[in-house]
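**Student:** In case you want the letters, here they are:
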Amino acid sequence: MLEVKGLRAGYGAVEVLRGLDMAVSDGEIVAVLGANGVGKTTLNKVLSGVLPARQGEIRFGGMRLDGATPAAIVEAGLIHVPEGRRIFPNMNVRENLELGSYRRGRPRRAANLERVFETFPRLRERARQFAGTLSGGEQQMLAIGRGMMAEPRLLILDEPSLGLSPLLVEEMFTLIRRLNADGLPILLVEQNVVQSLEIATRGFILENGTFAMSGPAATLRDDPELRRIYLGL
Amino acid sequence: MSLLVAEGLSRRFGGLLAVDNASLTVPEGGLVGLIGPNGAGKTTLFSLLSGFLPPSAGRVTFAGTDVTAEVPHRRAALGMARTFQIVQPFAGLTVRENIAVGAYLRHAARSEATRLAEAVAAEVGLAPMLDAQASSLTVAGRKRLELARALATEPRLLLLDEVLAGLNPSEVRDIIPVIRAIRGRGVAILMIEHVMQAVMNLCDHVHVLAGGRMIAAGPPREVCADPMVVEAYLGHGAAARIAAGGTHA
Amino acid sequence: MKARDILPGLLVLALLALAPLVASNAALNFLLSSLIVALAAQGWNLLGGYAGQLSFGHAAFFGTGAYATAILQLRYGVNAWAGLAIGVALGALVGWMIGFLSFRARLRGSYFALVTLAFAEVLRILANAFDLTGGAAGLLIRMAPGAANLQFPSRATFLWLVLAIVAAVLLLTAWIAGGRMGARLVAVRENEDAARALGVDALRVKLGAIALSGGITAAAGCLYAQNFLYLDANIAYGTWISVEVLIACILGGSGTVLGPVIGALALHGAGEAAKIALNGIAGPVPGIDLMLFGALLILAVAFLPQGVMGGLRRAARGLAR
Numbered sequence: 001m002l003e004v005k006g007l008r009a010g011y012g013a014v015e016v017l018r019g020l021d022m023a024v025s026d027g028e029i030v031a032v033l034g035a036n037g038v039g040k041t042t043l044n045k046v047l048s049g050v051l052p053a054r055q056g057e058i059r060f061g062g063m064r065l066d067g068a069t070p071a072a073i074v075e076a077g078l079i080h081v082p083e084g085r086r087i088f089p090n091m092n093v094r095e096n097l098e099l100g101s102y103r104r105g106r107p108r109r110a111a112n113l114e115r116v117f118e119t120f121p122r123l124r125e126r127a128r129q130f131a132g133t134l135s136g137g138e139q140q141m142l143a144i145g146r147g148m149m150a151e152p153r154l155l156i157l158d159e160p161s162l163g164l165s166p167l168l169v170e171e172m173f174t175l176i177r178r179l180n181a182d183g184l185p186i187l188l189v190e191q192n193v194v195q196s197l198e199i200a201t202r203g204f205i206l207e208n209g210t211f212a213m214s215g216p217a218a219t220l221r222d223d224p225e226l227r228r229i230y231l232g233l
Numbered sequence: 001m002s003l004l005v006a007e008g009l010s011r012r013f014g015g016l017l018a019v020d021n022a023s024l025t026v027p028e029g030g031l032v033g034l035i036g037p038n039g040a041g042k043t044t045l046f047s048l049l050s051g052f053l054p055p056s057a058g059r060v061t062f063a064g065t066d067v068t069a070e071v072p073h074r075r076a077a078l079g080m081a082r083t084f085q086i087v088q089p090f091a092g093l094t095v096r097e098n099i100a101v102g103a104y105l106r107h108a109a110r111s112e113a114t115r116l117a118e119a120v121a122a123e124v125g126l127a128p129m130l131d132a133q134a135s136s137l138t139v140a141g142r143k144r145l146e147l148a149r150a151l152a153t154e155p156r157l158l159l160l161d162e163v164l165a166g167l168n169p170s171e172v173r174d175i176i177p178v179i180r181a182i183r184g185r186g187v188a189i190l191m192i193e194h195v196m197q198a199v200m201n202l203c204d205h206v207h208v209l210a211g212g213r214m215i216a217a218g219p220p221r222e223v224c225a226d227p228m229v230v231e232a233y234l235g236h237g238a239a240a241r242i243a244a245g246g247t248h249a
Numbered sequence: 001m002k003a004r005d006i007l008p009g010l011l012v013l014a015l016l017a018l019a020p021l022v023a024s025n026a027a028l029n030f031l032l033s034s035l036i037v038a039l040a041a042q043g044w045n046l047l048g049g050y051a052g053q054l055s056f057g058h059a060a061f062f063g064t065g066a067y068a069t070a071i072l073q074l075r076y077g078v079n080a081w082a083g084l085a086i087g088v089a090l091g092a093l094v095g096w097m098i099g100f101l102s103f104r105a106r107l108r109g110s111y112f113a114l115v116t117l118a119f120a121e122v123l124r125i126l127a128n129a130f131d132l133t134g135g136a137a138g139l140l141i142r143m144a145p146g147a148a149n150l151q152f153p154s155r156a157t158f159l160w161l162v163l164a165i166v167a168a169v170l171l172l173t174a175w176i177a178g179g180r181m182g183a184r185l186v187a188v189r190e191n192e193d194a195a196r197a198l199g200v201d202a203l204r205v206k207l208g209a210i211a212l213s214g215g216i217t218a219a220a221g222c223l224y225a226q227n228f229l230y231l232d233a234n235i236a237y238g239t240w241i242s243v244e245v246l247i248a249c250i251l252g253g254s255g256t257v258l259g260p261v262i263g264a265l266a267l268h269g270a271g272e273a274a275k276i277a278l279n280g281i282a283g284p285v286p287g288i289d290l291m292l293f294g295a296l297l298i299l300a301v302a303f304l305p306q307g308v309m310g311g312l313r314r315a316a317r318g319l320a321r
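Residue numbers (this note's numbering), protein chains in the order written: chain A, 1 to 233; chain B, 1 to 249; chain C, 1 to 321.
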């Protein structure tokens, strides 16, 4: 579904991504894990077209996407739910969701809105509330709901568990599993190693701009080196 | 001896009662945690304790003095320092200059303030970054900077608002000894946290705020086993992990 | 305060002090009015640059200084030097009052900027209306050349006086910037809440900044009055000076010691150059310098947001690496 080959990118004189290779197939949850500052957000920015790649290929459903504009990437169905929610605080929940289908999925907007409200009943309750007044967990749900409005063929989730209470983190991961069970491939970029590897099919560990480790999630979970570095065990 | 006493604090925003009759104490040199779901009112409670918001009802006493109506900079002078959840270093200044702003509270001379800033930087592990631009720090670095700035005011009590948010487990593991050492030299700490790894490892005592009210208080293990807390905040998966002795929620 | 901070500035001023040796009277006049604007900009810089409270109404202080010294000389026979001192004090007072009203009301950012503009405009309208300030006709300071009256037919002498005052404010700015007050100004600018949590009395810091700023810009107003010996409401309280000090600081580098001076000289220099060049080609084009100011502002904000001084600093850092 999504194929990345030899990806290089950076800011000014600093190269952050130094040649990444990875793939997400239909129906998978792929976790990209790593410490702060290793390039996880840079990777997402390149995938969604906000930051240009310096070298390498990105293929989505067979189509070349590197060099495409963010609008074209959204139209193709590669949807990015950014880190830190980034909801529009002075618009209400419904307006935020409707904006999700600005580029893609507009014809079926009403039906999609209904689907999102079914998935997130709390959002239906607060449909007319200003998004800025929602709690952190509700804002995260709103951000994901907004992403869903664009009828994604692949959903990139950037640190959805950031700043959430343990209960909400659990709910979030359950939700991610459910979305995937409905057939949506998900690229999960996270710091929460334990719970990410629990739901993922495969994982990649990003370190210093390259994938230091990769493989089936179950193997990674038991890797002693990983446990030492990332779980402090 | 109780350093900080909050009695029956409430704060109303129009029709919303964000904090409802909340009370807590922090003993001299204690390390107390404040946990609870998002939107429970924890940061509002912090704003009440640190003077950024006046309470609708209740009292705050610090080192025996009633500070309920005191403005933030006066509370800092009395020895209560606070960090913010969304870290904003003073852009355009170096790490050293950032920390010096805190140091200037009790030291008017530049040389003294700078010396204190350098000492505090060493304490939190930022010594190699002293001359770097604060805006070039990573998330983990910025959290340490936030901590250092508050420490430079030589407080008796530190209010830490999610100082560990956004850090991965190894970064959390690295900063825990720093916090412990700060407490070790006599500074009391009240921390809002979601990172259970830290709460279990550090706190003597934990208060749980949900829907604006205190629903539980006690030693960490006890609180994490409380069914109300599990229901409202932890979720069964995390509670099970904690009970099994692991410290990762 | 390190030598590095003030040496370049003092060097530039020293060079300018040599100007009378080579420049014509017209050129010296031009330099003089540029330096008076530079002084006014130094005032703005303390409030807008260091403290981050952008003012669109510094004319309020400029005009207060100018009118104060003019009225004191004309109506009360006060000596011009005393007039200068009182003008500065009044400028500081007006600053404090505007600050008290605005900052206590928690006005920040755009709201504060607009309120300062409003104050300046109100003063302009009042000055236009009342006899005390000469109404629409304005005030003419009696020509009485002599150092005792702060009137210098010799352009060189006046130039050196103004240079000395600019230099003094330069040193004052460097001294403030290097110490506790400077650190607190910047902290309030960058993140007022974080500063308050660290024990900074933000209100007191801002009031101090606006009072000092008002006093310095008022001094520029006084010197302007002494130079041209005529003022009316539009000269004293007109938006022209508010705009020029703002652009000068942004162009030169707001929040730096030397920025306002470099900016004012560059701004006026560019304006004059444009006038001269166009005069040769198409005859006099009124307002060409204003158009140029606008263009320079846009270019500065787009490409050199930290101004000339910021650009130089970045280049120096790049070279050091």
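The set of hints was computed from the structure by calculation and includes no laboratory data.
Where is the CB? At the ideal position from N, CA and C, for every residue including glycine.
Hints are not guaranteed to be accurate.
What the hints assert, rightly or not - DEER-style ranges, computed between Cβ atoms:
no., chain 1, residue 1, chain 2, residue 2, range
1, C, Arg317, A, Gly19, 22 to 32 angstroms
2, C, Tyr230, B, Thr65, 56 to 66 angstroms
3, B, Ala77, C, Ile276, 31 to 41 angstroms
4, C, Arg313, B, Ala77, 28 to 38 angstroms
5, B, Ala77, C, Arg4, 26 to 36 angstroms
6, C, Arg204, B, Ala63, 15 to 25 angstroms
7, C, Ala273, B, Ala77, 22 to 32 angstroms
8, B, Ala77, C, Phe130, 38 to 48 angstroms
9, B, Ser135, C, Gly109, 49 to 59 angstroms
10, B, Ser135, C, Ala320, 52 to 62 angstroms
11, C, Arg317, B, Ala181, 31 to 41 angstroms
12, A, Glu198, C, Gly311, 17 to 27 angstroms
**Student:** All hints are to be evaluated individually against the structure, with a verdict given for each.
**Tutor:** The hints, checked one at a time:
1. C:Arg317 with A:Gly19: 22 to 32 angstroms: For Gly19 of chain A against Arg317 of chain C, whose Cβ atoms are near 30 angstroms apart, the range 22 to 32 angstroms holds.
2. C:Tyr230 with B:Thr65: 56 to 66 angstroms: Hint holds: Cβ distance 60 angstroms, inside 56 to 66 angstroms.
3. B:Ala77 with C:Ile276: 31 to 41 angstroms: 58 angstroms, violated
4. C:Arg313 with B:Ala77: 28 to 38 angstroms: This hint holds: roughly 34 angstroms between Cβ atoms.
5. B:Ala77 with C:Arg4: 26 to 36 angstroms: Between Ala77 of chain B and Arg4 of chain C, where Cβ atoms are some 34 angstroms apart, the hint holds.
6. C:Arg204 with B:Ala63: 15 to 25 angstroms: Holds, since Arg204 of chain C and Ala63 of chain B (Cβ atoms, about 24 angstroms apart) stay within the stated range.
7. C:Ala273 with B:Ala77: 22 to 32 angstroms: 53 angstroms, violated
8. B:Ala77 with C:Phe130: 38 to 48 angstroms: 46 angstroms, holds
9. B:Ser135 with C:Gly109: 49 to 59 angstroms: Check failed, 21 angstroms falls outside 49 to 59 angstroms.
10. B:Ser135 with C:Ala320: 52 to 62 angstroms: Cβ of Ser135 of chain B to Cβ of Ala320 of chain C: about 18 angstroms, so the range 52 to 62 angstroms is violated.
11. C:Arg317 with B:Ala181: 31 to 41 angstroms: Holds: the Cβ-Cβ distance is about 34 angstroms, inside 31 to 41 angstroms.
12. A:Glu198 with C:Gly311: 17 to 27 angstroms: 52 angstroms, violated
Comparing the model with each earlier hint shows violations of hints 3, 7, 9, 10, 12; every other hint is respected.
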